[in-house]
Amino acid sequence: MSRQGRNAATTTTVGVVIVGIMLFPLYWMVNASLLKPSDLVSRSPVWFPLHGTLAGYRSALSAEGGHLMVSLVVSLGTVAVTLLIAAPAAYGLAKLRVPGRRALMFALLVAQMIPGIVMANSLYISANKLGMINSPFALILADSTLCVPFATLILQSFLKGVPDELAEAASLDGASRLRTFVSVILPVARNGVITAALFSFLFTWADFLFGVTLTTDDSRAPITVGLYRFIGANLVDWNGVMATGVIASVPAAVLLVAAQRYVAAGIGNAALKD
Amino acid sequence: MTSKSAAFSVPAAAATAAGPGTDSGRALPDRDSHSHSDHGSGTGRSGQGGRGGRGSRGGRPRARRSTAWRVAGFVVPVWIYILCFYVYPLIANVRMGFQDYSVSSFYSGSAPYVGFANYRSVFHSPQFAGIVTNTLLFTLGSLVFQFGIGLALAVFFRRKFPLNGVLRSLLLVPWLLPLVVSGTVWRWMMYADSGVLNRMLLNLHVITHPVPWLVSTTWSLTAVTLVNVWVGIPFNMVILYGGLQGVPEQLYEAAAIDGANAWQRFRRITWPMLRPVTLVVLTLGLIYTVKVFDVIQIVTQGGPANSSQTLTTYAYNLSFQQLEFGKGAAVGNLLILVAIVFAALYLRSVREPEGRNR
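Residue numbers (our numbering), protein chains in the order written: chain A, 1 to 274; chain B, 1 to 358.
The hints are simulated quantities; they were obtained by calculation from the structure and are not laboratory data. Treat the numbers as computed from the prediction; the structure is a model and nothing was measured. Incorrect hints may have been included.
As the list claims (entries may be wrong) - Residues on chain A that point at chain B, a partial pick, calculated with CB under 7 Å: (1) Gln4; (2) Thr13; (3) Ile21; (4) Pro49; (5) Leu76; (6) Gly77; (7) Val81; (8) Arg97; (9) Ser122; (10) Leu130; (11) Gly131; (12) Thr216.
As the list claims (entries may be wrong) - Pulled from the structure, derived: some chain B residues nowhere near chain A, Cβ distances all over 10 Å: (13) Ala72; (14) Asn93; (15) Asp100; (16) Ser108; (17) Ser121; (18) His124; (19) Pro126; (20) Val132; (21) Val173; (22) Leu177; (23) Tyr252; (24) Ala255; (25) Gln297; (26) Thr312; (27) Tyr316; (28) Asn333.
The beta-carbon is built from N, C-alpha and C at its ideal position, and this holds for glycine as well.
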């Protein structure tokens, strides 16, 4: 092996060790979700689930199945609401010199800096007045506040890359602006739409604050709140708690594997590009 | 962000980063965007062309302006949304801070105005000074270590080696996970007797007795800060790594020819070139760390005896546990003030390049 090859191998090894240390908590969660309760509390840690059990997953699914459904419905609903608001706005910002463009960009940036607890406080009072505590719609609207500014900003940066000639050609063919947007621009910008949708789904799936404040009826609570209450109620059943954690992480894991390039594009665009 | 608003908070952390258009952002090679999106290489060019065209809008101002108003319909929904879901809640919260809004208000439907009574009672409560100190320590500790470790990792992953890309995307996992999950795992790892953290530290002889991470007033703030650092490292790494991509390779080559060692290269090239990104990352980190909720609520609930309580969890406690919504709103308004200061800092740090960009 050449010297360079050896160096590369050493560097890779160091990289693997770093990643191993950083991801250890996740390994520990998967490990614990498979261990027998007696192994979980043993004074010397059991490092591998060699004599594992799936009982944790059975108890997780029976206790948390309903919460998973709530999370799924709320997350999909939030994605729909977010795209409905964000996509036209992004098009207006990116391509159609709408009036007040700078003010809107500014408002979207600042909106993301409002502390969630302030929103939760206000939205709880409003939802209470409207009789919408425990309603999935209230949760969808509240969660959309996490997503709309992000989705708008990310989509407008994608839409900037769409050639102006496309819209011009469509308008020469007699298409209205709305029609051009729906049938020409959106299909071309589908990667941006997918990225915005994926992140909206993730934000909503991970939301805890709105879930815990806007639902008092346990059967209407999303999975994050289910997990939180599960810890409170089951200080013994850590194997079920950890299995719930693994199940609640599935969307993130699927995203990373199946949609990696969208995730990369999302983070890259969000953080570093105009 | 909390929730990635979580400290990113995580995920939402990147959200705010949207659109800074920092120097380093522009320094990124254009192909980067193309590899992510399917647009052909021609797209970027025409995009540029479009921008150039807008620059020459002096030509037909009136025509442009009337078109502008006709397309305003595209942004009307988002403006209405902003008014209903950001502006109104903000105003409502500010107003609530001056009202005696508690359980009885829900039944009577009225909440009398009480001036600054909520603020007085919050400021004069015996735990308030401790909570502010906790917030400062938590924020400072999180920032320093998230940033330091994130930067070290970004510099490390700048090297070319096999599996680099795979390892980097694996590092993102902690950032993509729901904070409730991360918090739960850490809580489980931090139990004094059965927790694996103490086991490992004992085996490595770092400690001689198990540390009661979660149940001691001395350690609980360290515990939640540690978890928040872990959650925030990927965000810092990703953004700083992106910034490093914008540093021209020739600078390093020239420095190597001049015989600069690794530390000198970092000190003289990497660090100064990263400054704009650093500013953005730190301000965003500040904004997101101050409002971290999930991590603390899951790991310690702010306890024991408020020893890991921050302003955010305190506001939650007042509103949703003690049902003193007026006082909760008052603390929330303090957080808004803090957010405004940091937001101004943030916008200042990104304004100049943005102006040139648009």
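Taking the minimum C-beta separation from Asn333 of chain B to chain A, is that value above 10 Å?
-> The claim is violated: Asn333 of chain B sits with its nearest Cβ about 8 Å from chain A, within 10 Å.
When the nearest CB of chain B is found for Arg97 of chain A, is that gap smaller than 7 Å?
-> holds, 5 Å
Interface hint status, Gln4 of chain A versus chain B (Cβ within 7 Å) = violated, 10 Å
Interface hint status, Ser122 of chain A versus chain B (Cβ within 7 Å) = With a minimum Cβ separation of about 3 Å from chain B (threshold 7 Å), the hint on Ser122 of chain A holds.
Hinted contact Thr216 of chain A with chain B - closest CB pair below 7 Å | Since chain B brings no Cβ nearer than about 10 Å to Thr216 of chain A, farther than 7 Å, the hint is violated.
Grab the minimum beta-carbon distance between Asp100 of chain B and chain A and tell me whether it stays above 10 Å.
-> Holds, since 14 Å exceeds 10 Å.
Closest CB-CB distance from Val173 of chain B to chain A, is it above 10 Å?
-> violated, 6 Å
For the hint on Leu130 of chain A, does the least C-beta distance to chain B fall short of 7 Å?
-> violated, 12 Å
For Ser108 of chain B, is the shortest beta carbon distance to chain A beyond 10 Å?
-> holds, 13 Å
Holds or violated: is the Cβ of Pro49 of chain A closer than 7 Å to a Cβ in chain B?
-> violated, 14 Å
For Ala72 of chain B, which was marked as not at the interface, is the minimum beta-carbon distance to chain A over 10 Å?
-> violated, 6 Å
Status of the stated non-contact between Tyr252 of chain B and chain A (beta carbon gap over 10 Å) | holds, 16 Å
The structure is inconsistent with the numbered hints 1, 2, 3, 4, 5, 6, 7, 10, 11, 12, 13, 14, 21, 22, 25, 26, 27, 28, although it conforms to all the rest.
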